[in-house]
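There are 2 protein chains.
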Amino acid sequence: MDIGIMGAGQVAQIIGSKLLEKGNRVRISSRNIDAEKDKGPFGKFPSARQWRDEQAGKGRQAFAGGFREAAEFGELVFNCTAGQGSLEALAAAGEENLAGKILIDLANPLDFSKGMPPFLSICNTESLGERIQQAFPRTKVVKTLNTVNALIMANPSLVPGDHDLFISGNDAESKAMVTEMVLKKWFHWKSVVDLGDISAARAMEMYLPLWLRLMGALKTANFNIRVVKGN
Amino acid sequence: MDIGIMGAGQVAQIIGSKLLEKGNRVRISSRNIDAEKDKGPFGKFPSARQWRDEQAGKGRQAFAGGFREAAEFGELVFNCTAGQGSLEALAAAGEENLAGKILIDLANPLDFSKGMPPFLSICNTESLGERIQQAFPRTKVVKTLNTVNALIMANPSLVPGDHDLFISGNDAESKAMVTEMVLKKWFHWKSVVDLGDISAARAMEMYLPLWLRLMGALKTANFNIRVVKGN
Chain R
1 MDIGIMGAGQ
11 VAQIIGSKLL
21 EKGNRVRISS
31 RNIDAEKDKG
41 PFGKFPSARQ
51 WRDEQAGKGR
61 QAFAGGFREA
71 AEFGELVFNC
81 TAGQGSLEAL
91 AAAGEENLAG
101 KILIDLANPL
111 DFSKGMPPFL
121 SICNTESLGE
131 RIQQAFPRTK
141 VVKTLNTVNA
151 LIMANPSLVP
161 GDHDLFISGN
171 DAESKAMVTE
181 MVLKKWFHWK
191 SVVDLGDISA
201 ARAMEMYLPL
211 WLRLMGALKT
221 ANFNIRVVKG
231 N
Chain B
1 MDIGIMGAGQ
11 VAQIIGSKLL
21 EKGNRVRISS
31 RNIDAEKDKG
41 PFGKFPSARQ
51 WRDEQAGKGR
61 QAFAGGFREA
71 AEFGELVFNC
81 TAGQGSLEAL
91 AAAGEENLAG
101 KILIDLANPL
111 DFSKGMPPFL
121 SICNTESLGE
131 RIQQAFPRTK
141 VVKTLNTVNA
151 LIMANPSLVP
161 GDHDLFISGN
171 DAESKAMVTE
181 MVLKKWFHWK
191 SVVDLGDISA
201 ARAMEMYLPL
211 WLRLMGALKT
221 ANFNIRVVKG
231 N
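Quick note, the sequences are listed as chains R and B, same order.
The first sequence begins at 1 in the numbering used here and counts up one residue at a time.
The second sequence begins at 1 in the numbering used here and counts up one residue at a time.
Hints should not be assumed to be uniformly reliable.
You can't tell identical chains apart in this list, so a pair holds if it fits in one copy or across any two.
Each computed SDA-like pair below joins lysine to any residue, with the alpha-carbon atoms no more than 25 Å apart [said to hold, decoys possible]: (1) Lys22 <-> Ser113; (2) Lys101 <-> Glu54; (3) Lys229 <-> Pro118; (4) Lys219 <-> Thr179.
Derived from the structure by calculation, the hints contain no laboratory data.
With these hints in hand, go ahead and build the complete structure from the sequences.
Here it is as structure tokens:
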């Protein structure tokens, strides 16, 4: 499948590499594909152009460019931009280039401008997922993957045993496609819990403060939660 | 131990009954101990006076009355009021009656005034736990138990296997006392994760929207989460 990724940072590169590994063609995107990136928590972090060249060197169909080209390219589109920049990046991609397509939104609206811990720039009675759905009514927004770090997103077996991923969105068929193909077949998630329509993105994004505190307590970002049902 | 409970509803009664069972003297409290209560999700729900009489009939040291009397009575105090009314109830209890004491805050600031799902009346850059700590600086506020329903709070084995409870607060000794005596010895919690100072109440309270969505997806309120650490 041809997949467009909004973003070219670590999350975009990790997700993009996994999608390439599964035989897809992938185009990542940013304002400047030669921009130097800070070294982040997941180690090596090349520019979009370097990433593309590396992947191409492995014989994979990798591309890098602007937001608009990635949206045009993708039959399926991922939003892997930082939450604070998502609406702007998607606007640059063009409403018409996202219309009728599934957009997997895994961003979190974390605002680091006042230091750590970050707060949410949108929450409680709204969410980034809903804002995106409102701004792109012809696009089928599916919120998922935002409750784990990028390494776990694409490699859930890094966390042993049973643990759960959440999904929400207004279109049942789109959620089913994302669950079966992307999450289960390509990424090997075993348990995906459907929390309802896109307003459930509030709950999924508001989990982030707990995730951040848990990262501090556990001293690792490689963890997830399992929902355990009572008798 | 003599324990005062702010509140006389289902949470207060379930917590109070468990504390009595463990040999403590317990005083629950409300504006009107004869107030009729709606039947809630946990079944039978007597008035405070009826609850006291029932418990006394089992030979237990149960009392019911106003907020001030309960705060005076308690060497340890629980806040089991609905989050929207917590600060008012605690103000009625009197700052001097809570000074120097541990206050276990298990309330959530859920606002149901606009229907389901409720939103949080305080969140993101503040929390109910912090508001209480600010309003009662001589009291040692410990936030815990708010991430599960009242039945699970006092009976964690209703959820099988391993699952986690969270705790936060500014005073390490108070957290240790609450963890060892209240949570582990009396309530039989096995895993309690310390998330830091009282500002972590933000994270614990902001988990509630996810809890509510999970309740909808699982069709039960009897569940909890387990944190699973990666390799």
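Here's how the hints hold up against the structure:
1. Lys22 <-> Ser113: Close neither inside one copy (37 Å) nor across copies (48 Å); limit 25 Å.
2. Lys101 <-> Glu54: neither (28 Å within a copy, 61 Å between copies)
3. Lys229 <-> Pro118: Between copies only: 22 Å across chains, 31 Å inside a chain, cut-off 25 Å.
4. Lys219 <-> Thr179: between (30 Å within a copy, 21 Å between copies)
Hint check: violations occur at hints 1, 2; the rest are consistent with the structure.
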